[in-house]
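Since chain X is already given, all that's left is putting chain R on it; use the hints.
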Amino acid sequence: MIPLQTLSRCFEGVVPATVATCSADGIPNISVISHVHQVDARHVALSRQFFNKTTRNFLENPQARVTLWDPVTFEVYDLTMRFVRSETSGPVFDRMAVRIDAIASHTGMTGIFRLLAADVFEVTDVYHVTQHLAPLPAAASETAGSGDDGGADLPLEPASMPPEHREELWVLQRISARMNQAADLGALLGAVLDSLNVDFGFGHAKVLLVDETGRRLFTVASRGYDESGVGSEVVFGEGLIGTVARDRRILRVGQMESGLRYGRAVRAALQSEGATTPEGGIDGSASLLPEIPLPGLADAQSHLAIPLLVRDRLVGVLAIESRAPGAFASWHEAFLGIVADQVAAGIERLATPDAEEPDAAARMAASGSAGSGGGAPGAASGSAGPARGRRRRQLVFYQNDDCVFVDGEYLIRNVPGRILWKLLKSRVQTGRADFTNRELRLDPSLGLPALRDNLESRLILLRQRLQQKCADIRLPSRGRGRFGVEVDCELDLIEKATA
Amino acid sequence: MHLGTRSADLIPSSTLAFGLRPAGDGREVTVFLAVELSAVPLANLRDNGQMALSAVRPTTNRAIQLKGVWLGERRTDESDRAFVEHYRDLLTAEMGLVGVPRSIWRRISWWPTLALRMEVRDVFVQTPGPGAGRRCGNVTIDASAKPIAKGGPSDAGDVAPAGARRDEP
Chain X
1 MIPLQTLSRC FEGVVPATVA TCSADGIPNI SVISHVHQVD ARHVALSRQF
51 FNKTTRNFLE NPQARVTLWD PVTFEVYDLT MRFVRSETSG PVFDRMAVRI
101 DAIASHTGMT GIFRLLAADV FEVTDVYHVT QHLAPLPAAA SETAGSGDDG
151 GADLPLEPAS MPPEHREELW VLQRISARMN QAADLGALLG AVLDSLNVDF
201 GFGHAKVLLV DETGRRLFTV ASRGYDESGV GSEVVFGEGL IGTVARDRRI
251 LRVGQMESGL RYGRAVRAAL QSEGATTPEG GIDGSASLLP EIPLPGLADA
301 QSHLAIPLLV RDRLVGVLAI ESRAPGAFAS WHEAFLGIVA DQVAAGIERL
351 ATPDAEEPDA AARMAASGSA GSGGGAPGAA SGSAGPARGR RRRQLVFYQN
401 DDCVFVDGEY LIRNVPGRIL WKLLKSRVQT GRADFTNREL RLDPSLGLPA
451 LRDNLESRLI LLRQRLQQKC ADIRLPSRGR GRFGVEVDCE LDLIEKATA
Chain R
1 MHLGTRSADL IPSSTLAFGL RPAGDGREVT VFLAVELSAV PLANLRDNGQ
51 MALSAVRPTT NRAIQLKGVW LGERRTDESD RAFVEHYRDL LTAEMGLVGV
101 PRSIWRRISW WPTLALRMEV RDVFVQTPGP GAGRRCGNVT IDASAKPIAK
151 GGPSDAGDVA PAGARRDEP
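Chains as they are written, first to last, in our numbering: chain X, 1 to 499; chain R, 1 to 169.
Isolated chain X (complex conformation) (with noise of 0.2 Å):
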């Protein structure tokens, strides 16, 4: 029997499978299924969201044929197959269920449209079939997938291409390394999303942290988008990556839109019949909500998204995605599930404050804390460096919801928007230009929590947000747990309560 682990590819549903079942009465059926998914060697499990004439046929007569297509050389592969149990739960319910999950919360059919049980199959053969198509042109085999007229591409490259192909272990090695050398949250989430880039070519990436809601993620770093994204939030359970925060499970989708289009056409049917059936897969207590756009690239066709975990707890998500289809093979899966759980563990490593250099404040201070930038001490409207010809920029701070406009346009807001208010005012007031982590910490104005603050990826964003919105002020590390404050512009402070 061809071996189940080498049709990885057409596991991914780029082109959608038909499932064949027969009644004990003779009578067949035959239906596109949105997702067959590879259990093990011998198993597959067919997602099942309505109880159905599928159903009811292999409950009865248990053969069944499965039609998978290889979605770059269209190849078919037929799955003789004998229906074995139904799960309801368990990891590959739990596996299946996110994907629908985030179909359906990105169809507003949150609570709606959801799995019912993932219906386990053992196959017992598999055959391959190719009469269908003409031989490929020598010329043309080399560019299979182009299309010759607007036809969308795929990748030359077989997803599922052994890993004895690669060099995926040194790929490994290097963003151990790499990861290991990190001096700061930056640089670690840095080295990884660069090594995607580079070794994978995955030029679509961002992490996101939770924030201390803990039922919310923010953007910390990202590569590859027109606008960086950094900062902007995710609220679980909303969309692909807010599902894999909530359910903490890894998501890989490979046709997008294949799966929104089936999503809106059960949403577009419920709208059009107003019936609801709680015992099926569409939950009648729900109502619609409107649909969620796409995160990052609005045309993107394959998503991976991995929960960031230590332990149980969930530190934030790697989101990659790309415009192919069929992008991300099942050993992107295993591989990228390895570099995220470094990246999960060195971002504890960072965030925890033992981390730091305990001398930091110790040789600051014995270095001189103040006048590394320069800039004489002032009031609230005041120099922050050598003056003469030099832009002037207005700053406001909002105390009704610590939100920062720089020269009237929104700079940041909450925790990192306070922190940067401090820095600022200490600059423009006393002149100093080093800071510790620790003395944040310890500021209890600040609002940080005691445990797990997330100060290190505040400052992050901060930074980012800075590099975009306000480039005259900078935050360099000086070392692990220190930052300058660096400024060459002149500085007005102003605070008001409300807008």
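Simulated from the structure, these hints should not be mistaken for lab results. Idealized CB from N, CA, C, for every residue including glycine. One or more of the hints may lead you astray.
Here's a subset of chain X near chain R, in silico, CB distances under 7 Å, partners left out [unchecked claim]:
| # | residue |
| --- | --- |
| 1 | T21 |
| 2 | L59 |
| 3 | N61 |
| 4 | P62 |
| 5 | F74 |
| 6 | S86 |
| 7 | A265 |
For chain R alone, kept in the frame of chain X given last:
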């Protein structure tokens, strides 16, 4: 479009079909099947004649399923060839909209083809959602026709929720 058949020992089979053409009195259709892919379905049809045909529009997921019996084959002619060629062009354009490269889709064998005559006995909605599984169309069961099977509610596919209104017996 996929044709479902089954063997004598109730093993189901699925084959890519290539177009559906009304024929006869309106309850008969012609299903086109590439000769290259016809061995298994033809053997099944010669054994028991049971047919299920699922037609899905890829861009919208709107779908129907036809259930019926095989009436035999007929010769293909130039009008069939023109019909299948037109179907191929429409399908290629439709598949292009969902990301299937035309260069690949055009490799699909579509001729020579078998013209399978099918007597349609049921048509069901198969679009995902609460209406899936419902009978549709004006097809009526001819009481004088040989029963397909005793008491078999046919239906609907991957997408029929329990509790949806059905016109099953």
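To see whether the hints hold, each was checked on the structure:
1. T21: Given a least distance of 5 Å, the restraint on T21/X holds.
2. L59: violated, 13 Å
3. N61: holds, 5 Å
4. P62: violated, 10 Å
5. F74: For F74/X, the interface hint holds, since the closest Cβ of chain R sits about 5 Å away, which is under 7 Å.
6. S86: violated, 14 Å
7. A265: holds, 4 Å
Consistency with the previously given hints fails for numbers 2, 4, 6, ordered from lowest to highest.
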